[in-house]
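Asker: Each chain, written out:
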Amino acid sequence: MDASAGAAVDSVHALVDRCVAGEPAAWRGLHRHYHRTALAVLRRLGVAPHQLEDACQEVFLDVFQYLPRFRHEADFRTWLYRICVSHARVARRRARVASLLGGLLTSFSGEGGGQPLDEESASRKLAKAVDKLSEAERVVFVLFELEGLSGKEVAQIIERPEATVFRRLHDARKRFTAAIEEGG
Amino acid sequence: MTRRESSAIVFPKRLVDGENRAAALIRDALAEKIGGPSEARSFELLSGRPPRQPHAGRWVFAIGAMAALALFSAQSLLRSEQSLEPKITATAESWTPKRALPAARELGAPEVQPEPAQPKLERAPPARSARPDPAASDTASCAELSRAGKYEAAVQCYGHIAQGSSMAAEIALYEKARLESRALGRGAAALATLDEHGRRFPSGVLASEVGMTRIELLIRLGRGENALAAIESGLKGPLGRERGGDLQALRADLLSTRGDCVGARAALSLARAAGVHPSRLQTAEQRCPAADDAANVAPRSNQDAP
Chain S
1 MDASAGAAVD SVHALVDRCV AGEPAAWRGL HRHYHRTALA VLRRLGVAPH
51 QLEDACQEVF LDVFQYLPRF RHEADFRTWL YRICVSHARV ARRRARVASL
101 LGGLLTSFSG EGGGQPLDEE SASRKLAKAV DKLSEAERVV FVLFELEGLS
151 GKEVAQIIER PEATVFRRLH DARKRFTAAI EEGG
Chain F
1 MTRRESSAIV FPKRLVDGEN RAAALIRDAL AEKIGGPSEA RSFELLSGRP
51 PRQPHAGRWV FAIGAMAALA LFSAQSLLRS EQSLEPKITA TAESWTPKRA
101 LPAARELGAP EVQPEPAQPK LERAPPARSA RPDPAASDTA SCAELSRAGK
151 YEAAVQCYGH IAQGSSMAAE IALYEKARLE SRALGRGAAA LATLDEHGRR
201 FPSGVLASEV GMTRIELLIR LGRGENALAA IESGLKGPLG RERGGDLQAL
251 RADLLSTRGD CVGARAALSL ARAAGVHPSR LQTAEQRCPA ADDAANVAPR
301 SNQDAP
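Here the protein sequences come in this chain order: S and F. Numbered per the working numbering, the first sequence spans residues 1 to 184. Numbered per the working numbering, the second sequence spans residues 1 to 306.
The shape of chain F in the complex, shown without the other chains:
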């Protein structure tokens, strides 16, 4: 398969092809050599590893994660009592996987069940109490928690700030909804937070952003009819004036999904007129003008990958 084969959606040009600072940085970085072991040395090490222990890595990880949680909880307790400095009780070596390469002759034999490379634990579980840390009650601290992957703590942090009525509270409420939706996968909670935002800050600085996010969330939750109703309502108000093109693009997509090609074409035309990037209209265009093409959209690979 060649790189950048034509696909159902026409992606924009790659950043590297541009002329801005980001493009220059990517070009420079791609030109630099990636460090790491030499191929010969790596293959030698690979060949020398003893037979792989199925699931060993998962157990090592699970035990390690439990140890980390226990330690983290203990550290929190100790910190709250301000009696002891946290002590390091484990080393990096604890985390070195001890799995190994099967000999080539063994590879033709029936294998063990593929070990999923992605353990179910997607994110660090909540390790904090429900009461937010007062020291973390500013937006920068919340953002730091979010960057560190501590999404639960970040949501609590933003929730604490969002109790006020300032602009910071408005922004925090929006960030809370984004985290609930994108990081924690809690669509319903995110929707409730966005609804709360709409009630408390109907003319806030993020009103249009919240409106768009809410519609996109409804679509992701499979509530297409609700999304369409929200789009129709949005088109009549300030959201339509600010983000009319985006709304029409979403509307075209939804209408084309349910087979309403007349409505979809009208929405596509309005979206084009509003200057929406053609790549965002590709799916609806393919579904509607030529129904036969829809079958070719985004075929999924069914290869087994570990």
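One chain only, chain S, in its complex shape:
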């Protein structure tokens, strides 16, 4: 780990410690620092635009509630990603159940809030291709390919051996590439 990365980790440690000590400014600092990260990973994990606001708040509720238990044994960002993965899964499941109730919610229309995605935008095409992956493949693919996490970090987040991460990534890549080819 280089010096700048080490300093960044130290500053996050300090920020977390200040949050745990109950310092309001530190809460705001932590939120400001990781808000976009959480939003981006939730979106890439398939949370629909109209659910982003709520899912992001749920993530930070968990962060704030359980932060006193965070023991710095893992990287804070990895811990945050794990919470995001859990909430993205819940949000997607809710959307699926809601769709059973009459298709009131749509996957990527952006209806009801958030920023609608342009029909031809790269994000839209990417989301459609990623949507072809299974839940397990999607998580591994997004964290490794889009969020740039290492295999070890992904393994920690999904609590599976690295070999499993590798296998899922292999399958996800095949399916993703095929979806891109089919999509034209």
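What the hints contain is simulated information worked out from the structure, not anything from laboratory work. Accuracy of the hints is not assured; some may be wrong.
Distance condition first, Cα-Cα at most 16 Å in a straight line; then the derived EDC-like pairs of lysine to aspartate or glutamate [said to hold, decoys possible]: (1) S:K132 - F:E32; (2) S:K128 - F:E209; (3) S:K174 - F:E209; (4) S:K125 - F:E209; (5) S:K128 - S:E182; (6) S:K174 - S:D131; (7) S:K128 - F:D28; (8) S:K132 - S:E182; (9) S:K125 - F:E32.
Quantities reported herein were computed from a predicted structural model and do not represent experimental measurements.
Knowing the structure of chain S, use the given hints to seat chain F on it.
Answerer: The following block gives chain F in isolation, referenced to the frame of chain S:
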């Protein structure tokens, strides 16, 4: 922790670093802005939420899921009688979680038990009768069911097609096994389906794929000895000619797991010669040449995460 730290397994280059269409799309998508609320607005909303009700979300979800099931069953019944169009009786708001942020001063106090963010209900439970829908009896319909997360229905759909003797039946049987194994976690059922495939289509177009899947499934089920026997048998037949490298890689992994480093090294050497990607051999290589390194493989985090 820096991104892409060295790890026990050397992962291949990320897709984004490539030169193909997928790489270009990922680069473009990553460059686009993700929408959503502004940070200031989000924090303001977060701070304004009343105290969180533990487990409320779980109850809302459970009640909602039961309502959805009931409605879905009712819709199926109505559809079968072709008497009424399904009516929407709930709104999206029913699903909005009503949980809220505790004030910062409360955070130091002992908390409620962490609410698991993943309810136990992993997949939509079976909502269809055992008899497959005739309209869904083609492979595309089955795939559609699978994509929609209706794995039980998809398995039934593929099972119906698999009753024939055509190539479609062969493919459907394989897809059924894959779904049973990967989506539904029914290893034993998947193994039985793969065995059935082997009996009914011994020279089918998917024979080697089925052979490999069966071995991988045996490994996942913890039946290493059976997997090794299947690998040895496969190496002597057409599977060995088609997928020899892959079989040797699996063999190296299994042998290294049980401490047979001599056999594992020989298998590694054959796998390398067959052009297997080095990343797939990393684990066996680490277990065997330097036993001390094995302790460093894939340390697991024990952080509590909700």
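Asker: Work down the list of hints and note, for each, if the structure agrees.
Answerer: The hints, checked one at a time:
no. : hint            : result
1   : S:K132 - F:E32  : violated, 21 Å
2   : S:K128 - F:E209 : violated, 27 Å
3   : S:K174 - F:E209 : holds, 15 Å
4   : S:K125 - F:E209 : violated, 30 Å
5   : S:K128 - S:E182 : holds, 11 Å
6   : S:K174 - S:D131 : holds, 13 Å
7   : S:K128 - F:D28  : holds, 14 Å
8   : S:K132 - S:E182 : holds, 11 Å
9   : S:K125 - F:E32  : holds, 12 Å
Of the hints listed earlier, those the structure fails to meet are numbers 1, 2 and 4, in rising order.
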